[in-house]
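Undergrad: Here the structure of chain E is known, so what remains is to put chain S in place on it, guided by the hints.
Residue numbers (numbering that gives the first Met the number 0), protein chains in the order written: chain E, 0 to 535; chain S, 0 to 306.
Keep in mind that the hints are not guaranteed to be accurate.
Only some residues are given here: those of chain S computed to face chain E with a beta carbon under 7 Å [said to hold, decoys possible]: (1) Asn203; (2) Ala210; (3) His222; (4) Arg225; (5) Gly226.
Everything labelled a hint here was simulated from the structure, so no lab data went into it. No residue lacks a Cβ here, since even glycine has one placed at the ideal position from N, Cα and C.
So you can see what is in the structure, the chains are spelled out below.
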Amino acid sequence: MTTTRETVLKIEDLKVDFTTNSGAVNAVRGVNIHVDAGETVAIVGESGSGKSQTMMAAMGLLASNGKTAGKVVYGGENILGLPISRLNTIRGKKITMIFQEPMTSLDPLYTIGRQLAEPMVEHGGLSWAAAKERALELLKLVNIPEPERKLKSYPYELSGGQRQRVMIAMALSNNPDVLIADEPTTALDVTTQAQILELLADLQKRLGMSVVFITHDLGIVRRIADRVYVMRQGEVVEEGETAKIFAAPSHPYTKMLLDAEPEGHKPAVADSRPAVIEGQKVRVEFALGGGLLTKPFILTAVNDVSLVLREGQTLGIVGESGSGKSTLGRALLGLLPAEGRVMFKGQQISGKSRSELRGLRKHMQLVFQDPFGSLSPRMTVGQIITEGLLVHEPSLDWAERDRRACQALEEVSLDPAMRNRYPHEFSGGQRQRIAIARAMVLKPELMVLDEPTSALDRTIQKQIVTLLRDLQAAHGLTYLFISHDLAVVRAMADTVMVMQHGKVVEAGPTEAIFEAPREDYTRKLIAAAMLETLAA
Amino acid sequence: MSRYVLERLLGAIPTLFLIVTISFFLIRIAPGGPFDLERPLEAKVMENLNRIYHLDEPLWQQYLIYLKSVAQLDFGPSFYFRDFSINELFAASLPISIQLGLTALALALVVGGVLGVVAALRQNHGTDYAVMAAATLGVTVPNFVVAPVLTLILGVWLGWLPVGGWNGGAIVNTILPVVTLALPQIAVVARLTRGSMIEALRSNHVRTARAYGLSSWTVIVVHALRGAILPVVSYLGPAAAALLTGSVVVETIFGIPGIGRYFVQGALNRDYTLVMGTVVVVACFVILFNLIVDLLYAVLDPRVRFD
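Pulled out of the complex, with its shape left as it was, chain E reads as follows (with noise of 0.2 Å):
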């Protein structure tokens, strides 16, 4: 990078504060960015670094409820504070943007031609008929199988990725300076993910603008951007080109994100070891739509899944959203109506009712993804830990439950002194270990994990990992771990399983299915999670 180019977007000094009920909160605290014609600028944080708010602040789409303050140089105008009517002349046009949930980013109410015609109607004067001619060339320019069709397609008729595909191409329509990406793959699988960032990569190179992309995750910044921004608690701790960050990094926030990939591995169990749980041919349909008259669609969700989970062993279970890895799980633990056997230490447990199955429910815990969602508001954490002990051991009493309730906090690490809060008190890593608690509270003898640190940051997730692995060398534990982050099931099992479509595609020891995969899907997932070129 030694031509010097022209800024096309310069952040001055950019403040954003939010007025709460608790008071003032500074999301952004003078923040400086300036973006230069054609590169790609990134900027990473973690959640609540004000990342996010810093580039909805320069775009004027802030929350009533917030302030902003400096300056957003665009064409040597300030476009902070500008009224809508001539901001619009701008967002839109000159600078795009497109989000993080391609769900529900675009309107469901109208069709896809009609969404991406409106800001070349709005913007560059076109007729209606001529806008939507070229919504059909941006749809082709971003790759969209059948592109006629979708554009009278609405919405809900297309996958995450299709729509990611649709925002981008509305992102292109009034060929902008600047396209602010705010985490666009986030919500998306490992595969698709790879592909839209080779879009944006490849259309960036075509037609020139400037990408400002915001993201969590340093692995993406690594291959797509020309400088870095690192930011934490609404400042910028540290900037600079990709490479030198990357090779030496000064601040040790920085060194923290760098160092916060899962590492390590487990030593695989003897095959001797008693087998925990053995499903044979499991099977799982699910009817869908049908009616009185109708016949239901039959969706195979599980198609004749067989496996073996030893004492103290970790299966990964491993594929991407719909592949039917959290049905398998539920299913293992009588969850759901299931064909097949499953045993557990030896005992038929498939087919029985759930009152028989009771009491084996100790011995199996269930961890969630969702550590907002699967966590009762209205208790305390003591209550929730305390919970199934009045189930499973109804003999104790009140003082015995609280000690035991203060063992297992301590054991995720928690105070216990925290059993008398509420769970909106914690964060999403502390929720976790919460949740963590309550299941090793029963001394359960298998854990089903299903994508228990998916909705958690990178360095929380790395220590999410080493307490679990912590918790099972201690115990003797043995886990099912349900993740499509590979980085983490490396780190956690010695055991993987990869599925597709209810289908296993491939099973084996960890290190083998990462160092010499057999089967295409399983390569493909490994390059996407690492985030080297498909090409190959």
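TA: Below, chain S alone, put in the same frame as chain E:
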């Protein structure tokens, strides 16, 4: 779509049958009969009357006779208004009630909708608080208070409007009853619109519309309001059925010959056929408006499909 409408209309037949059956026997359980006056009639006269109106036959036979005539859309003779059939009474009064109700409905939708949108756009500002306070008042003050107060101010003190009467549906005569009917509906529509509009304005796709520099009109009306109006539509279905079938209070206070009065008169006088007739008419309106709401939903929201 036409197949769906046909299916729904056919599905209404068993519903109506049940309603007719239940209300037929319910009204017969009530003590007294249509010819029980304060001064009892002569036994001979009573006997004649009972024979003419089939009241001397067993109840199940009366039921079958009634079912047969209803199936031919004949609601029978009135027991109280002896020179008229129920069909004649309704033919004269129902159009009046429908005209009043439709006008009130349109007024409620337009005024309530606009107030709701304005309140949502000014959320937690003076305008918002004023609209919501007025809406609370509109819901809580009953129409038998609103009607006399309006009559007193506009009719008696200012003398701008007639205090009652129908006068062949002259516009000046309809203003007061329409406003009285519409006020509580305006309040409810404004509240509903405000609530769903606030949600819609915060939604991601409205953020997209803003980010793409679309005009405020497009953002608010095209992208936010179309989705936000859905809950209002589902409220207005049953509300319309209630409005169009008349209001006892409004029709009595303003002396309007609508169908609403017949509910009370029919029940008090044990006018069996009149009660049954009003029940069937109301049921038909409810069924019809629920169907209209469902069709409107599909027009507004492409995700709704009839299969």
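Undergrad: With reference to the structure, classify each hint as holding or not holding.
TA: A quick look at each hint next to the structure:
1. Asn203: Because about 4 Å separates S:Asn203 from the closest Cβ in chain E, which is inside the 7 Å limit, the hint holds.
2. Ala210: holds, 5 Å
3. His222: Holds, about 5 Å.
4. Arg225: Check passed: Cβ of S:Arg225 comes within 5 Å of chain E, closer than 7 Å.
5. Gly226: holds, 6 Å
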